[in-house]
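Please construct the entire structure, taking both the sequences and the accompanying hints into account.
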Amino acid sequence: MSVTEGKELRIIGFLCNWCSYAGADTAGVGRFAQPTDLRIVRLPCTGRINPLFIVRAFMNGADGVLVSGCHPRDCHYSEGNFYARRRLETLKALLPVIGVDPGRFEYTWVSASEGQRWRSVVASFTEQVHALGSMPRFMSGTSLDLCLRPAVQPRVF
Amino acid sequence: MASSLDELKTAIRKALPGLDVVIAWTAGPDALSHAPLFITEEADVARIEWDPRCSQNLAGYLPGLRGKKAGIVAKGCDVRSIVELLQEKLIDREDVVIFGLDCQGAVDARSARAALGSSRGVRDVAIDGASVCFSVNGEPRFFSPGEVLQSKCFGCAGADAGLCDHFAGERGLPPQFGNPPESTLERLEAMDMEERLRFWETQMSRCIRCYACRSACPLCVCQDHCAAQSREPHWVDQTDHPREKLMFQAIHALHTAGRCTECGECERACPMGLPVMTLKRALNRRIKDVFDYQAGIDPNQTPPLFEFREVETNIKEREW
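These protein sequence lines are chains A and B, in that order. The opening position of the first sequence corresponds to residue 1 in the numbering used here, with each subsequent residue numbered one higher. The opening position of the second sequence corresponds to residue 1001 in the numbering used here, with each subsequent residue numbered one higher.
FYI, nobody ran anything at the bench for these hints, they're computed from the structure. Keep in mind that this is a model prediction, so the values were computed, not measured. Quick reminder that beta carbons are idealized off the backbone N, C-alpha and C, glycines included. A hint or two may mislead.
Ranges between beta-carbon positions, derived for each pair [stated by the list, open to error]:
#  : chain 1 : residue 1 : chain 2 : residue 2 : range
1  : A       : Ser-140   : B       : Arg-1285  : 30 to 36 Å
2  : A       : Ala-131   : B       : Ser-1230  : 32 to 38 Å
3  : A       : Gly-133   : B       : Ser-1144  : 42 to 48 Å
4  : B       : Glu-1307  : A       : Met-139   : 24 to 30 Å
5  : A       : Ala-131   : B       : His-1234  : 29 to 35 Å
6  : A       : Met-139   : B       : Asp-1298  : 26 to 32 Å
7  : A       : Val-41    : B       : Asp-1192  : 28 to 34 Å
8  : B       : Arg-1285  : A       : Gly-28    : 37 to 43 Å
9  : B       : Ser-1144  : A       : Glu-5     : 32 to 38 Å
10 : B       : Asn-1314  : A       : Ser-78    : 20 to 26 Å
In the DSSO-like style, the derived pairs of lysine-lysine whose C-alpha atoms are separated by at most 30 Å in a straight line are [claimed, not checked]:
#  : chain 1 : residue 1 : chain 2 : residue 2
11 : A       : Lys-92    : B       : Lys-1089
12 : B       : Lys-1089  : B       : Lys-1288
13 : A       : Lys-92    : B       : Lys-1316
14 : B       : Lys-1288  : A       : Lys-92
Looking from chain B toward chain A, a few residues come up when the C-beta cut is under 10 Å (computed) [claimed, not checked]:
#  : residue
15 : Val-1122
16 : Glu-1194
17 : Arg-1196
18 : Leu-1197
19 : Cys-1207
20 : Trp-1235
21 : Glu-1310
22 : Val-1311
23 : Glu-1312
Below, the structure is given as structure tokens:
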């Protein structure tokens, strides 16, 4: 039941167990139609998220990454999302430098009851990633292959 | 600088009996960069050198000398690394004696070698305002600071004399150089996203994974417990692929986010001359904008990622 037309992209969602994962569940229970590009990873808290999860996801071929957790002041562990907000905000400076469009990564807050909000977050983020298309991939092969590339071209004497 | 050197030697001679070791610079195998010197006897003090070739940040040796009384000779930028180590309680203030110096700029050995053609015959280097003079076999050769100095020297905040226990030379204003060379970050920002990815692909394909950047970094204190060597989680795999090498750089940058003082040791140590400080620069700029924080200024501050505010004034969250 793909809502977005065309090729499905790979979007990874890192969701906290207590709010956003339950919020996504609420959206499912409510049978809201959502794009199917998102693959969800459930985590105990957004404070568990190492920004390297997101970097690694992009390097392993993700086209977009969405992080969602409890609203500030609503964290199950009191302060996990406050730390997460600082880390993810910092990460936003790194991604464009290594060639990941800033539009491919977003973080937001969705509570367990906000099924409708979850639907609109997923729909608009998926649309945003689709507008950017699939992420340019690293070439396959090793560094040596890349170094040798000019050398293997036929020489003209 | 000769008088500062004499002042420094006198201060070290005086302090040496109370110290286990003093770290300074001496003439090394390369005529364009001085090597570290670990002084334990007074006779070694005569071997100390002080000129723009003292590029290496010696602060990285301090955490390994914890528990010993160590003296360290430091330029203004090196003091910032020491501040960061103090802030993170990786060294003890009462065990460290800092000998500050009036630095006029530090030579980037790689670009200086390229500019000179060779490092042979270089006897002395002096910086006089707008030009850097190398005396090569008795003949002076002049270059602009942008050609031969380290990029960090353009934006030098000067010597933090407040923290130094001794200070040799004049506590004047930091050197001001015009026309900084274009940084890799600026070059990258002129590119589109795919070009940036290809840029790193090409650069990182030259990386030999020697981890000199990690060994040289004064803040890389995990050493044998580095995430790059961990198998569980397996952050970086063993394949010789630019993606994995860039992943390591991302790890290094994120692990030093809010801590990195841009001392430039990672780039200086890189045998392939890769622009590995670029990612750290980008993160630092963001941290300055969002958290109004610069690493290595005040030993009593908390790094921004170690704390939070309930209401973050500079973070604009997206409305959905």
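Here's how the hints hold up against the structure:
For the pair Ser-140(A) and Arg-1285(B), the beta carbons lie near 33 Å from each other, so the given range of 30 to 36 Å is met. With their beta carbons about 37 Å apart, Ala-131(A) and Ser-1230(B) fall inside the hinted range of 32 to 38 Å. Distance hint for Gly-133(A) and Ser-1144(B): a CB-CB separation of about 44 Å, consistent with the stated range 42 to 48 Å. Roughly 41 Å separates the CB atoms of Glu-1307(B) and Met-139(A), a value that falls outside the hinted 24 to 30 Å.
The supplied range of 29 to 35 Å is met by Ala-131(A) and His-1234(B), whose beta-carbon atoms lie about 33 Å from each other. For Met-139(A) and Asp-1298(B), the hinted distance range of 26 to 32 Å is not satisfied, since their beta carbons lie about 45 Å from each other. At about 30 Å, the beta-carbon gap between Val-41(A) and Asp-1192(B) stays in the expected band of 28 to 34 Å. At roughly 41 Å, the beta carbons of Arg-1285(B) and Gly-28(A) sit within the given window of 37 to 43 Å.
The supplied range of 32 to 38 Å is broken by Ser-1144(B) and Glu-5(A), whose beta-carbon atoms lie about 57 Å from each other. Remark: the range hint 20 to 26 Å for Asn-1314(B) to Ser-78(A) is upheld by a beta-carbon distance near 23 Å. Of the pairs offered as hints, the one joining Lys-92(A) and Lys-1089(B) holds, with about 29 Å between alpha carbons and a cut-off of 30 Å not exceeded. Restraint check: the Cα-Cα separation between Lys-1089(B) and Lys-1288(B) comes to about 23 Å, which is no more than 30 Å; the hinted pair holds.
Restraint check for Lys-92(A) and Lys-1316(B): satisfied, since their Cα atoms lie roughly 12 Å apart, inside the 30 Å limit. With a CA separation close to 14 Å, the supplied pair Lys-1288(B) and Lys-92(A) stays within the 30 Å bound. Taken as an interface hint, Val-1122(B) does not check out: its beta carbon lies about 32 Å from the nearest beta carbon of chain A, beyond 10 Å. The beta carbon of Glu-1194(B) is positioned within 10 Å of a beta carbon in chain A (closest approach about 4 Å), and the interface hint is therefore held.
Taken as an interface hint, Arg-1196(B) checks out: its beta carbon lies about 4 Å from the nearest beta carbon of chain A, inside 10 Å. Nearest Cβ of chain A to the Cβ of Leu-1197(B): about 3 Å, under the 10 Å cut. The hint holds. A distance limit of 10 Å between C-beta atoms decides the matter here; for Cys-1207(B) the minimum to chain A is near 7 Å, and the interface restraint holds. Interface restraint check for Trp-1235(B): the shortest CB-CB distance to chain A comes to about 6 Å, inside 10 Å, so the restraint holds.
With 10 Å as the threshold, the beta carbon of Glu-1310(B) comes within range of chain A, its nearest partner Cβ sitting at about 7 Å, so the hint holds. Taking 10 Å as the C-beta contact cut-off toward chain A, the hint placing Val-1311(B) at the interface holds, the least distance being around 8 Å. With its C-beta approaching chain A no nearer than about 7 Å, Glu-1312(B) sits inside the 10 Å limit, and its interface hint holds.
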